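Asker: Fit chain B to the given chain A structure using the hints.
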Amino acid sequence: NAGVTQTPKFQVLKTGQSMTLQCAQDMNHNSMYWYRQDPGMGLRLIYYSASEGTTDKGEVPNGYNVSRLNKREFSLRLESAAPSQTSVYFCASSVTLQNYGYTFGSGTRLTVV
Amino acid sequence: AQTVTQSQPEMSVQEAETVTLSCTYDTSESDYYLFWYKQPPSRQMILVIRQEAYKQQNATENRFSVNFQKAAKSFSLKISDSQLGDAAMYFCAFLTGANNLFFGTGTRLTVIP
Numbered sequence: 001n002a003g004v005t006q007t008p009k010f011q012v013l014k015t016g017q018s019m020t021l022q023c024a025q026d027m028n029h030n031s032m033y034w035y036r037q038d039p040g041m042g043l044r045l046i047y048y049s050a051s052e053g054t055t056d057k058g059e060v061p062n063g064y065n066v067s068r069l070n071k072r073e074f075s076l077r078l079e080s081a082a083p084s085q086t087s088v089y090f091c092a093s094s095v096t097l098q099n100y101g102y103t104f105g106s107g108t109r110l111t112v113v
Numbered sequence: 001a002q003t004v005t006q007s008q009p010e011m012s013v014q015e016a017e018t019v020t021l022s023c024t025y026d027t028s029e030s031d032y033y034l035f036w037y038k039q040p041p042s043r044q045m046i047l048v049i050r051q052e053a054y055k056q057q058n059a060t061e062n063r064f065s066v067n068f069q070k071a072a073k074s075f076s077l078k079i080s081d082s083q084l085g086d087a088a089m090y091f092c093a094f095l096t097g098a099n100n101l102f103f104g105t106g107t108r109l110t111v112i113p
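Taken in order, these protein sequences are the chains called A and B.
Following the working numbering, the numbering of the first sequence begins with 1 at its first residue and continues without gaps.
Following the working numbering, the numbering of the second sequence begins with 1 at its first residue and continues without gaps.
Just chain A, same shape as in the assembly (with noise of 0.2 Å):
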């Protein structure tokens, strides 16, 4: 009954230095997603994958690259972090893309100082 699991819930990075956020949905989910929420701008998708093998971009994808590694686990890398990606980033999951709803992770506030 996880769901959508999203590590770290919280990371602290300096400028340059490079991390992976992890996902990983347990309902069998064929599409994952990864957002970032900026404070007055909602939600804006960072890269997608449709599917097992799949990757597409988002709105915001520079800086940013991602693997899907099995159904189960999507995972965003930031290679070289900068202050303006310091958001709270939402990993979430569906059964196709056109669907009943997202379901999200609890979120990953990142800091990038």
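Hints in this document: simulated from the structure, not taken from any laboratory.
Note that the structure is a prediction, hence the values are computed from the model and not measured.
No more than 25 Å apart at the CA atoms, straight line, and that leaves these computed lysine to any residue pairs for SDA-like:
| hint | chain 1 | residue 1 | chain 2 | residue 2 |
| --- | --- | --- | --- | --- |
| 1 | B | Lys78 | A | Gly101 |
| 2 | B | Lys73 | A | Gly40 |
| 3 | B | Lys78 | B | Glu17 |
| 4 | A | Lys9 | B | Leu47 |
| 5 | A | Lys9 | B | Met89 |
| 6 | A | Lys57 | B | Gln44 |
| 7 | A | Lys9 | B | Pro41 |
| 8 | A | Lys9 | B | Arg108 |
| 9 | A | Lys9 | B | Ser42 |
| 10 | A | Lys9 | B | Gln44 |
| 11 | A | Lys9 | B | Ile46 |
| 12 | B | Lys55 | B | Tyr25 |
| 13 | A | Lys57 | B | Glu29 |
| 14 | A | Lys57 | B | Ser28 |
| 15 | A | Lys57 | B | Gln2 |
| 16 | A | Lys71 | B | Thr96 |
| 17 | B | Lys73 | A | Met41 |
| 18 | A | Lys71 | B | Gln44 |
| 19 | B | Lys73 | A | Gly58 |
| 20 | A | Lys57 | B | Tyr32 |
| 21 | A | Lys9 | B | Val48 |
| 22 | B | Lys73 | A | Gly42 |
| 23 | A | Lys9 | A | Gly101 |
| 24 | B | Lys73 | A | Glu59 |
| 25 | A | Lys71 | B | Leu47 |
| 26 | B | Lys78 | A | Thr103 |
| 27 | A | Lys57 | B | Asp31 |
| 28 | A | Lys14 | A | Pro39 |
| 29 | A | Lys9 | B | Gln39 |
Covered, in the sense of this in silico footprint (three residues per stretch, anywhere, with C-beta under 8 Å from a C-beta of chain A), are these stretches of chain B:
| hint | segment |
| --- | --- |
| 30 | 38 to 45 |
| 31 | 101 to 109 |
To give an idea of the chain A side of the interface with chain B (calculated C-beta under 7 Å), a few residues:
| hint | residue |
| --- | --- |
| 32 | Gly40 |
| 33 | Gly42 |
| 34 | Leu43 |
| 35 | Gly101 |
| 36 | Phe104 |
| 37 | Gly107 |
Every residue gets a Cβ at the ideal spot worked out from N, C-alpha and C, and that includes glycine.
Answerer: Only chain B this time, still in chain A's reference frame:
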């Protein structure tokens, strides 16, 4: 381009009263889905209600209902018998066949005891 507009950054309601949150959207698509998500202080994104654009009947989930006006591209959320637990950020979201879930900037709802 798809856009979602929530013109009320903040709203407040007395406990047990009714409140309506506004949302308008812009799209050239004819087939799409609309959602309202609730985000309490825990950060978790929780699906409140969903509406398919091809359905004329307004969706209802217990105390939550929508007023969907397709021609006006309006999708408001009505919360009846407001409870303290309804206090949260509410996001209107729009999903098209191109798979991106577009979010509005949110409305912060305060429930006054």
